[in-house]
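Undergrad: Letter by letter, the chains look like this.
There are 2 protein chains.
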Amino acid sequence: MPDTGSVRLDRLESWVGQEVRVSAWVYNIRSSGKVVFLQIRDGYGWVQAVAAEKELESVVWQRINELTEESSVMLIGTVSKHPKRSEYELQVRDVTVVHRSEEFPISKKEHGVDFLMDQRHLWLRSKSQWAIQRVRNTIIKGIYDFMEEEGFTKIDSPILTPNACEGTTELFELDYFGDTAYLSQSGQLYIEAAIFSHRKVFDFGPVFRAEKSKTRRHLTEFWMMDAEVAFATHEDNMALQEKLIEYLVKRALVRNAEELACLERDTKPLEKIIAPFVRMTHAQAVKKLRSFGSDIKDGADLGGDDETLLMQQYDKPVIVERYPAAVKAFYMKRDPEDPSLALCDDMLAPEGYGEIIGGSEREDDHGLLLQRIREHNLPVKDFEWYLDLRKYGSVPHSGFGLGLERLVSWICGLKHLRESIPFPRTINRLRP
Amino acid sequence: MPDTGSVRLDRLESWVGQEVRVSAWVYNIRSSGKVVFLQIRDGYGWVQAVAAEKELESVVWQRINELTEESSVMLIGTVSKHPKRSEYELQVRDVTVVHRSEEFPISKKEHGVDFLMDQRHLWLRSKSQWAIQRVRNTIIKGIYDFMEEEGFTKIDSPILTPNACEGTTELFELDYFGDTAYLSQSGQLYIEAAIFSHRKVFDFGPVFRAEKSKTRRHLTEFWMMDAEVAFATHEDNMALQEKLIEYLVKRALVRNAEELACLERDTKPLEKIIAPFVRMTHAQAVKKLRSFGSDIKDGADLGGDDETLLMQQYDKPVIVERYPAAVKAFYMKRDPEDPSLALCDDMLAPEGYGEIIGGSEREDDHGLLLQRIREHNLPVKDFEWYLDLRKYGSVPHSGFGLGLERLVSWICGLKHLRESIPFPRTINRLRP
Chain F
-18 MPDTGSVRLD RLESWVGQEV RVSAWVYNIR SSGKVVFLQI RDGYGWVQAV
32 AAEKELESVV WQRINELTEE SSVMLIGTVS KHPKRSEYEL QVRDVTVVHR
82 SEEFPISKKE HGVDFLMDQR HLWLRSKSQW AIQRVRNTII KGIYDFMEEE
132 GFTKIDSPIL TPNACEGTTE LFELDYFGDT AYLSQSGQLY IEAAIFSHRK
182 VFDFGPVFRA EKSKTRRHLT EFWMMDAEVA FATHEDNMAL QEKLIEYLVK
232 RALVRNAEEL ACLERDTKPL EKIIAPFVRM THAQAVKKLR SFGSDIKDGA
282 DLGGDDETLL MQQYDKPVIV ERYPAAVKAF YMKRDPEDPS LALCDDMLAP
332 EGYGEIIGGS EREDDHGLLL QRIREHNLPV KDFEWYLDLR KYGSVPHSGF
382 GLGLERLVSW ICGLKHLRES IPFPRTINRL RP
Chain Z
-18 MPDTGSVRLD RLESWVGQEV RVSAWVYNIR SSGKVVFLQI RDGYGWVQAV
32 AAEKELESVV WQRINELTEE SSVMLIGTVS KHPKRSEYEL QVRDVTVVHR
82 SEEFPISKKE HGVDFLMDQR HLWLRSKSQW AIQRVRNTII KGIYDFMEEE
132 GFTKIDSPIL TPNACEGTTE LFELDYFGDT AYLSQSGQLY IEAAIFSHRK
182 VFDFGPVFRA EKSKTRRHLT EFWMMDAEVA FATHEDNMAL QEKLIEYLVK
232 RALVRNAEEL ACLERDTKPL EKIIAPFVRM THAQAVKKLR SFGSDIKDGA
282 DLGGDDETLL MQQYDKPVIV ERYPAAVKAF YMKRDPEDPS LALCDDMLAP
332 EGYGEIIGGS EREDDHGLLL QRIREHNLPV KDFEWYLDLR KYGSVPHSGF
382 GLGLERLVSW ICGLKHLRES IPFPRTINRL RP
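Chains F and Z, in that order, give the protein sequences.
Residue 285 in this note's numbering sits at position 304 of the first sequence, with consecutive numbering throughout.
Residue 10 in this note's numbering sits at position 29 of the second sequence, with consecutive numbering throughout.
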């Protein structure tokens, strides 16, 4: 049963007064006895189809009255416009039932999240989950378009790796033909190799963290975009991050107005996301946090609670830069004005969403990088190829990683990361 | 040392007669005593910079004479056009050495592939490897643009899965907090769930096969694009595949003329890739193969050698459809005119490149699908969620998987898949 000639439900506007054929699912049914109101969706739009007994052949009227929610149908009807709103309706003439649905497990009543996640393959059909994946799709495509406009080449980093980027804890391990492999936590080190060939590169794929944490911020499998730029400084790096986030938020606002409305997302805070963002050093952030009542210590990393507390004061993203090197990764370049600090930054999203980006200038001196690897007790042998990048035409370079699910959660206004990805994986969820 | 104000080497055309600043790597050096010819690249372009002793301050001349291959530099010079070709040169006025390279391990002489793969992080800098990754980048972005134009939503399928899509052999297995997880071989089953929400969906990410094969066609980690379309038949499916491949080949020809030339790829065969492609049934293919001297049996799947033999006869892709159901996956819908056949197709690339796409209409009847799962001795319990998709508004639907590395290898004219991916993983390679 091909749907050649079907009209998309988000394009009824150009068919007002004409008869069209649509193929869709019935997601809600109301009846007044003589008129049945079918709420239908086709993947693109959500509209009402009105079937009146007096207008229909009796066999069609009977078919309509036997329909169940989630049944798939072919409808023929005339498009009409709502007298007041810019909504369109179908006045039904004929219906073909493609498949009559059994009773759908997800009803209109409240369900617990565990139940809904067990039914994730079906829950994806709900309007809010549809809206979230549409926003996610906009962000993904937006990243590709932005990176192309900025002259980046995509370099896919490997998932199967022989060693860890930032230490060996929280790694998934597997047997690789008798060798041990780990699932990648970040493609950064690999794409650094490619800047010598392509100058500006990025990867964008799944990464893994065997994190035992059960907080709402953590998934064991999530999508990360890593960017790396030759001849770029810490300042260039922060400017690029701002430009990217402004671009993506604006694109979601333009392309997903309907989806954000359906999620009841207040878009006013998103309309304020215009560069430049707020910038402060780690030392300034610690000072501010203390003034807000935190007992954070001077050289300490910012925890989730600190980030939330800090961000209550701002309606734009905040870039916290120059953290103490001791709490950051080995590959970060030190601040020449204070070598106890790293030339790094974390971008925190407003409205309590916390870190969405982490980046830094990378150490480009062979001797210093070797020293850091030793200080962090990392196996030098495993990093020989990475050290090589500082032997043959080393250049200053910087990069960052953007967490897709954190960004989507913020833009959609979600309480938990797990709804931002189609099939979430957490410490206690590997199914469906 | 930021490169604000640097001019891209692929954009010198608009700077003829003017002095510019460029940041780049020196990939070759020739000297005639009084003139040094530096071949430089900046990630976008490859040009010659000419340094003449009589035009330069002696300190600059000395710096130039101490340069080594792969050193990173900042150059200031005037752009000139080659009198005959549309090539541009730089007449050097000043040079700053960013980093003087140690002796580069990859010399101009022939190296074995194992050596080059050990040095993959450096080999990526060679012009041919640069060209391949640029073509790969074009194909990746082309897939995203095509899918957007066709109304698809990206639905990321999970890598960590509790069971196998097509049987449990050739799977990488790992411990998942006490449970067993497998790395995904295909996201197809997962994205099928999303057609009920988004109608047309795709995923595009790494998949894994613990294949002990050492042939030139196999990687253990590679990128796959899966597409799935509600209300689409086997015929719709083949038409979409043709349209996609025609689009991608054309885009590479338009955007990567320089890269394909540098790979010495004869582009004439690619210019013939215009839909419709050649189509034949599996039975017709077997008959043809026998007439070419093959001893292939009637119900047998096509092996790599069969594909190569068949494709010697065609200069367009060949779509072989309706294979015996017995040699294909459980989820394929049967041909209503001959239930021993599956409504499936494989697309074979010409010039001996073999299968680049495999697709089918999916079984949408709950009872028949359950029967197939049992016939294939698959654990019904693990497929309950997948069977659910046939209980609640089931629709006819079709989809296919496209192997990125096979497509890139064909378009680039590569002998082996391993050069088509930045960091290949094979049975005996997990590093770097």
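Rather than coming from a laboratory, the hints here were simulated on the basis of the structure.
It cannot be assumed that every hint is accurate.
Which copy is meant is left open, because identical chains are indistinguishable; a pair holds if it fits in one copy or across any two.
To be verified - In silico DSSO-like pairs for lysine-lysine, Cα to Cα no more than 27 Å straight-line: (1) K268 <-> K15; (2) K89 <-> K372; (3) K297 <-> K269; (4) K62 <-> K35; (5) K224 <-> K122; (6) K224 <-> K372; (7) K108 <-> K372; (8) K372 <-> K90; (9) K372 <-> K362; (10) K268 <-> K193; (11) K372 <-> K278; (12) K231 <-> K35; (13) K62 <-> K122.
Undergrad: Give a verdict on every hint.
TA: Structure-based check of all given hints:
1. Taking the shortest Cα distances, K268 and K15 never come within 27 Å of each other, neither inside one copy (69 Å) nor across copies (61 Å).
2. For a Cα distance limit of 27 Å, the shortest separation of K89 from K372 across copies, 19 Å, qualifies, whereas the shortest one inside one copy, 63 Å, does not.
3. Proximity of K297 and K269 under a CA criterion of 27 Å is satisfied intra-copy only: 16 Å inside one chain copy versus 66 Å between copies.
4. Proximity of K62 and K35 under a CA criterion of 27 Å is satisfied intra-copy only: 21 Å inside one chain copy versus 79 Å between copies.
5. For a Cα distance limit of 27 Å, the shortest separation of K224 from K122 qualifies both inside one copy, at 16 Å, and across copies, at 21 Å.
6. Proximity of K224 and K372 under a CA criterion of 27 Å is satisfied in neither setting, with 32 Å inside one chain copy and 46 Å between copies.
7. Taking identical chains as interchangeable, the C-alpha atoms of K108 and K372 lie at most 27 Å apart only when they sit on different chains, with a minimum of 20 Å there against 54 Å within one chain.
8. In this assembly of identical chains, the alpha carbons of K372 and K90 lie at most 27 Å apart only when taken from different copies (21 Å versus 63 Å within one copy).
9. Proximity of K372 and K362 under a CA criterion of 27 Å is satisfied intra-copy only: 15 Å inside one chain copy versus 55 Å between copies.
10. Taking the closest pair of Cα atoms, K268 and K193 never come within 27 Å of each other, the shortest separation being 31 Å inside a single copy and 58 Å across copies.
11. In this assembly of identical chains, K372 and K278 lie within 27 Å of each other by CA distance neither inside one copy nor across copies; the values are 38 Å within and 57 Å between.
12. In this assembly of identical chains, K231 and K35 lie within 27 Å of each other by CA distance neither inside one copy nor across copies; the values are 48 Å within and 55 Å between.
13. For the identical chains of this complex, K62 and K122 are neighbours neither inside a copy (32 Å) nor across copies (38 Å), given an alpha-carbon limit of 27 Å.
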